[in-house]
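For the sequence shown, the numbering used here assigns the number 26 to the initial residue and increments by one for each residue that follows.
I should point out that these hints are in silico values taken from the structure, not numbers from a laboratory. In this text, all values refer to a predicted model and were calculated from it rather than measured experimentally. Idealized CB from N, CA, C, for every residue including glycine. Heads up, some of the hints might be wrong.
Now the in silico label distances, taken between C-beta atoms and shown as ranges [said to hold, decoys possible]:
1) V257 with P363: 17 to 27 angstroms
2) G295 with W125: 18 to 28 angstroms
3) R385 with G204: 51 to 61 angstroms
4) R467 with A351: 33 to 43 angstroms
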Amino acid sequence: MAFAFAGACRSDPRGPTLDASSALAEGIDAASRLDAAPPLAWPALPRTLEAQRALISSCTLRDVSGAPDGGTEVSLDALARRSLARLDYAIAGEAAIRGWLDAWLARAGARDAYVLVGTHHDSGAQVRAFRALVRRPTRLTDVALEHLVADGRWGGLAEDAQRADGADLRAFLERGDLGALDRLARAHAAHDYTAWKFGYERDVLDIVLAARATGQRVLPCDMSSKVREALVGGGDGASDEVLRLRELHCLRALQDAAPGGPRRIAILWGHDHARPRGFARFLPPDTAVLRVHLFGARVLATPALDGSRGIVLNDAVLVAGTDAPAPTEVALFLPDEPTRGDVDRVRRAPEAAAATPEVRASSAAPGTLSLTPVGSDEPRATRTLRLGRDEVAATVGEGAHTYVLRSGGVTVVGGLSLARGERATLAFDGARRMTRLELEVRP
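Sequences are here, hints too, so could you generate the full structure?
Below, the structure written as structure tokens:
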């Protein structure tokens, strides 16, 4: 049985073209310069459980038995707790996190690269965080959403039963067709129950609206209910076999929509799809894969954040849970109860020009402040200051920095960015979870 499906699930042999690679290197919109190629054939829809398992097995191209960075795969809660214990290695602030992601995409070189962003389905804030992460300018060629339904070409199923959101999404993105946008919104409301239940339908569509404004390509990714109904165990789409087939459906749809290379695709969906056993199993081993798991800002409780009252996040924080040189699984924490800090931000013109950026800091209780330039893997690049009520100062390099204060059992994490001649003054009160950040920046 597996052999019968093997031809339909071979890896895509088409490599990147010189033009696409050059476009990425030059910072040009690579999506507009990808070479078209004939679409890959889709297999017959596996209607029995035996056929589903055989197809999944024949299409699996990666080892899914362990964690991507070695060792045993851990639960999401364990990943979050392990990451929170490594805040000295954090990258804080939207601009710094976007810069880190851009550098990761650049390291993929001529290979395809996928950024798999896992979210909790009760969080509109996590959808908004994804939108901020992938907005232009970016090296990404495409953004894909589980919240929208992709057309299929499964064998043995009528074509009209497989039509979904593709045509309306393209009509709006390419021509600004408002009728198509209205149909897309109604289809999304019918398909995405959790977005309706937790009130973030608009957040999903805002990704599409922003893409229209900036010329970014958005692709649908999920399997339609009509296709799922043709599967044994289709039901609500939550069985392990159906989850994997939904991922395979997404991959085939992405290959149809973006047939050239190198692809740089960020996909927004639930956490399970972003784990090693999920979507990535169907990608060739030489494909670059980054798993980004979002935590915090949920309607429901986040068990992983229990016991984190001593952690204060002044900004979104990204941290890898391992010491691997090039981590493939990271956690992205959004400030939320019980981790959110209270930040009073003040901005004014510099008092006088300075040769290098400067940070001044004080703390209501004795503590230690570390300042680490984003993008540096060298321990000596971190500046460490002992703080008290009296202000101390240190010169730092230009660019983004992550600060970590440890004081009286409290850890405060945030980000700041300084250019030549600019200054930041930080005043911490860890016990009250308060930080005053005063920036002297040039207009």
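Starting from the hint list further up, note which numbers the structure goes against and sort them upward. Of the numbered hints, just 1 does not hold.
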